[in-house]
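Those protein sequences? They're chains A and B, same order as listed.
The opening residue of the first sequence carries number 0 in numbering that gives the first Met the number 0; numbering runs sequentially from there.
The opening residue of the second sequence carries number 0 in numbering that gives the first Met the number 0; numbering runs sequentially from there.
These are computed hints drawn from the structure, not numbers from a lab.
All values reported here derive from a predicted model rather than from experimental measurement.
Just so you know, not all the hints are guaranteed correct.
One copy or any two copies: either way a pair holds, since identical chains are not told apart in the list.
[To be verified] Mimicking DSSO-like on lysine-lysine, the simulated pairs with C-alpha atoms at most 27 Å apart in a straight line are:
| id | residue 1 | residue 2 |
| --- | --- | --- |
| 1 | K250 | K268 |
| 2 | K268 | K59 |
| 3 | K250 | K183 |
| 4 | K183 | K268 |
| 5 | K253 | K96 |
| 6 | K6 | K250 |
| 7 | K59 | K227 |
| 8 | K250 | K59 |
| 9 | K6 | K253 |
| 10 | K96 | K183 |
| 11 | K253 | K59 |
| 12 | K250 | K307 |
| 13 | K6 | K292 |
| 14 | K96 | K250 |
| 15 | K227 | K6 |
| 16 | K307 | K183 |
| 17 | K96 | K227 |
Protein chains: 2
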Amino acid sequence: MKLATYKDGSRDGQLVVVSRDLATAHYATGIATRLQQVLDDWNFLSPQLQDLYVTLNQGKARHAFPFEPRQCMAPLPRAYQWADGSAFINHVELVRKARGAEVPESFYTDPLMYQGGSDDFLGPTDPAVFASEDWGIDFEAEVAVVTADVPMGATPEAALEGIRLLMLANDWSLRNLIPAELAKGFGFFQSKPATAFSPVAVTPDELGEAWQGGRVHLALQSSWNERKVGLCEAGPEMSFHFGQLIAHIAKTRKVRAGSIVGSGTVSNKDWSRGYSCIAEKRAIETIEDGAPKTGFMHFGDRIRIEMKGRDGLSLFGAIDQQVVSASGRDGGADDEEDDSPPAAG
Amino acid sequence: MKLATYKDGSRDGQLVVVSRDLATAHYATGIATRLQQVLDDWNFLSPQLQDLYVTLNQGKARHAFPFEPRQCMAPLPRAYQWADGSAFINHVELVRKARGAEVPESFYTDPLMYQGGSDDFLGPTDPAVFASEDWGIDFEAEVAVVTADVPMGATPEAALEGIRLLMLANDWSLRNLIPAELAKGFGFFQSKPATAFSPVAVTPDELGEAWQGGRVHLALQSSWNERKVGLCEAGPEMSFHFGQLIAHIAKTRKVRAGSIVGSGTVSNKDWSRGYSCIAEKRAIETIEDGAPKTGFMHFGDRIRIEMKGRDGLSLFGAIDQQVVSASGRDGGADDEEDDSPPAAG
Numbered sequence: 000m001k002l003a004t005y006k007d008g009s010r011d012g013q014l015v016v017v018s019r020d021l022a023t024a025h026y027a028t029g030i031a032t033r034l035q036q037v038l039d040d041w042n043f044l045s046p047q048l049q050d051l052y053v054t055l056n057q058g059k060a061r062h063a064f065p066f067e068p069r070q071c072m073a074p075l076p077r078a079y080q081w082a083d084g085s086a087f088i089n090h091v092e093l094v095r096k097a098r099g100a101e102v103p104e105s106f107y108t109d110p111l112m113y114q115g116g117s118d119d120f121l122g123p124t125d126p127a128v129f130a131s132e133d134w135g136i137d138f139e140a141e142v143a144v145v146t147a148d149v150p151m152g153a154t155p156e157a158a159l160e161g162i163r164l165l166m167l168a169n170d171w172s173l174r175n176l177i178p179a180e181l182a183k184g185f186g187f188f189q190s191k192p193a194t195a196f197s198p199v200a201v202t203p204d205e206l207g208e209a210w211q212g213g214r215v216h217l218a219l220q221s222s223w224n225e226r227k228v229g230l231c232e233a234g235p236e237m238s239f240h241f242g243q244l245i246a247h248i249a250k251t252r253k254v255r256a257g258s259i260v261g262s263g264t265v266s267n268k269d270w271s272r273g274y275s276c277i278a279e280k281r282a283i284e285t286i287e288d289g290a291p292k293t294g295f296m297h298f299g300d301r302i303r304i305e306m307k308g309r310d311g312l313s314l315f316g317a318i319d320q321q322v323v324s325a326s327g328r329d330g331g332a333d334d335e336e337d338d339s340p341p342a343a344g
Numbered sequence: 000m001k002l003a004t005y006k007d008g009s010r011d012g013q014l015v016v017v018s019r020d021l022a023t024a025h026y027a028t029g030i031a032t033r034l035q036q037v038l039d040d041w042n043f044l045s046p047q048l049q050d051l052y053v054t055l056n057q058g059k060a061r062h063a064f065p066f067e068p069r070q071c072m073a074p075l076p077r078a079y080q081w082a083d084g085s086a087f088i089n090h091v092e093l094v095r096k097a098r099g100a101e102v103p104e105s106f107y108t109d110p111l112m113y114q115g116g117s118d119d120f121l122g123p124t125d126p127a128v129f130a131s132e133d134w135g136i137d138f139e140a141e142v143a144v145v146t147a148d149v150p151m152g153a154t155p156e157a158a159l160e161g162i163r164l165l166m167l168a169n170d171w172s173l174r175n176l177i178p179a180e181l182a183k184g185f186g187f188f189q190s191k192p193a194t195a196f197s198p199v200a201v202t203p204d205e206l207g208e209a210w211q212g213g214r215v216h217l218a219l220q221s222s223w224n225e226r227k228v229g230l231c232e233a234g235p236e237m238s239f240h241f242g243q244l245i246a247h248i249a250k251t252r253k254v255r256a257g258s259i260v261g262s263g264t265v266s267n268k269d270w271s272r273g274y275s276c277i278a279e280k281r282a283i284e285t286i287e288d289g290a291p292k293t294g295f296m297h298f299g300d301r302i303r304i305e306m307k308g309r310d311g312l313s314l315f316g317a318i319d320q321q322v323v324s325a326s327g328r329d330g331g332a333d334d335e336e337d338d339s340p341p342a343a344g
């Protein structure tokens, strides 16, 4: 089953069921209006949505219309939790190696996660608005899951059973704000602005054999300004599976329905697969040449993130966003009295 | 106006209007059923609730009933954001001094904040359930605000205008999990379990002159096992006011309606005022005697947090929680094969 949330001027949008090929959609009116409502009452509502999904795929839904990703908000336009892992240890190794730091032994047994802001997500084609290019604007292509209620103390295996939906995420990061922020000791805050999600969220069965062991065994494509920069395998090198990430949250508290849990930047040891965030490319450049040469993103840049199933069709639709200046101009918002061009990242 | 959320078996409870003296309440049925709904549409719904509040205070509300804090969930039983500051720099100074660390200069100009989990809050009298006493169970008595929509880039002054409600918070902390977690670099996660909030949330006008400059100029009382341990002034020593904390969040993203922002542990330079968390008491003991002597909380312990207005009446009602073992026994959940008594904190 594939679900999306259409913009309707409200904070939570309108729930739509989307056909497997992403060609058509149908309002879920009469079953549920918002995705959170479905997650709150999954066992009752999801079979009804599944029935509509089957009818829609058969081309028999009466009021179907062409599906338009530009009409989409994030599947959950706001959520009660966004907890992001850094489950591809290769990413951590690269970034640390580039700055001459060791990876602590515990990182291989204890997942690294941070609590993200979840009150204001971006839709898949919404502009990503920032006040300054000097902040070091970077994308992070990830896989994310949406959970059911998971009790405190759940095992990773039990937590796996609590996965309702999968999505793609673009965890926007402001690289030049990170060092000072992490030095304060309390983790990311201003350096993690609003995250974007894919047009549709899908139930795990949509992935077929590609969903195994709590990992998505498919490649995640990232294209920066139309140039393919990453085709990274999201499965085998995910050091902690989603059940382990959810259990990590649940160690000291309950995890409630509608919590979103991210994989962290998808990253492979084989550098020829490219990268799912610019920071990693810069780390590789630093390791190879002593210094990064790829700059971060500029106003006007585009990033497209997509994942195809084994049938070659887009599973989640594409995140396709443009970086936009908060001042509404090409330059940064900070340079009000300054006519010089914005600095390179 | 004073608002609370009554338990009704649902995830979000039922909105009630509570009289100024906390003696009576009235369901807000017909106006709104959930507090988030009111925050989403404040200008339309809050005047209607205010009318009911006036009628209730006059003793003329038709279906009023005695207000019972034990029936309360957190005013927002789940929220889209819980961002907690550490705005009482004295607290930071004490804790750092005890471990021989300096307070970086930037801490006096740049607020310290962390993103908390917000999918599962505790009601004011809900048990605080933990698997082990060895985690170093501690309370943190705080003041918190609930916001309207605040645009990205808002100034502290503009952000102040976005404060809709005030509450008290008990930001439960697991002290013995903190050092390893902060060493990982991504901030608190497992060390910050579910937070509890006061029975009622109140509009700023309820504080009268005590609400000034984005600070609450009243004393916060903490009683641990019936013993008064803190009577800390929440106003003058709050190094960053709530407008500054909200603006800190809004630097790189929008802040959406219903976001909860905390002050951090209320703390005074005058040690005779006591403490709003045990970690601070232990820091003082370490500074004075070289080692802490007060242990953390045990299963069965109670913590009561309350604030009285200048009229001597409880403003928010009391947070009054008991620490309970997840195993349902007095001992820790970890000691299944172990009959020895739980270790002191």
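Each hint, compared with the structure:
no., hint, in the structure
1, K250 - K268, "neither (30 Å within a copy, 35 Å between copies)"
2, K268 - K59, "neither (46 Å within a copy, 71 Å between copies)"
3, K250 - K183, "both (25 Å within a copy, 17 Å between copies)"
4, K183 - K268, "between (31 Å within a copy, 22 Å between copies)"
5, K253 - K96, "neither (36 Å within a copy, 34 Å between copies)"
6, K6 - K250, "between (36 Å within a copy, 26 Å between copies)"
7, K59 - K227, "neither (37 Å within a copy, 69 Å between copies)"
8, K250 - K59, "neither (46 Å within a copy, 48 Å between copies)"
9, K6 - K253, "between (31 Å within a copy, 18 Å between copies)"
10, K96 - K183, "both (22 Å within a copy, 16 Å between copies)"
11, K253 - K59, "neither (41 Å within a copy, 41 Å between copies)"
12, K250 - K307, "neither (34 Å within a copy, 36 Å between copies)"
13, K6 - K292, "neither (39 Å within a copy, 57 Å between copies)"
14, K96 - K250, "neither (30 Å within a copy, 31 Å between copies)"
15, K227 - K6, "neither (29 Å within a copy, 52 Å between copies)"
16, K307 - K183, "neither (40 Å within a copy, 34 Å between copies)"
17, K96 - K227, "within (25 Å within a copy, 51 Å between copies)"
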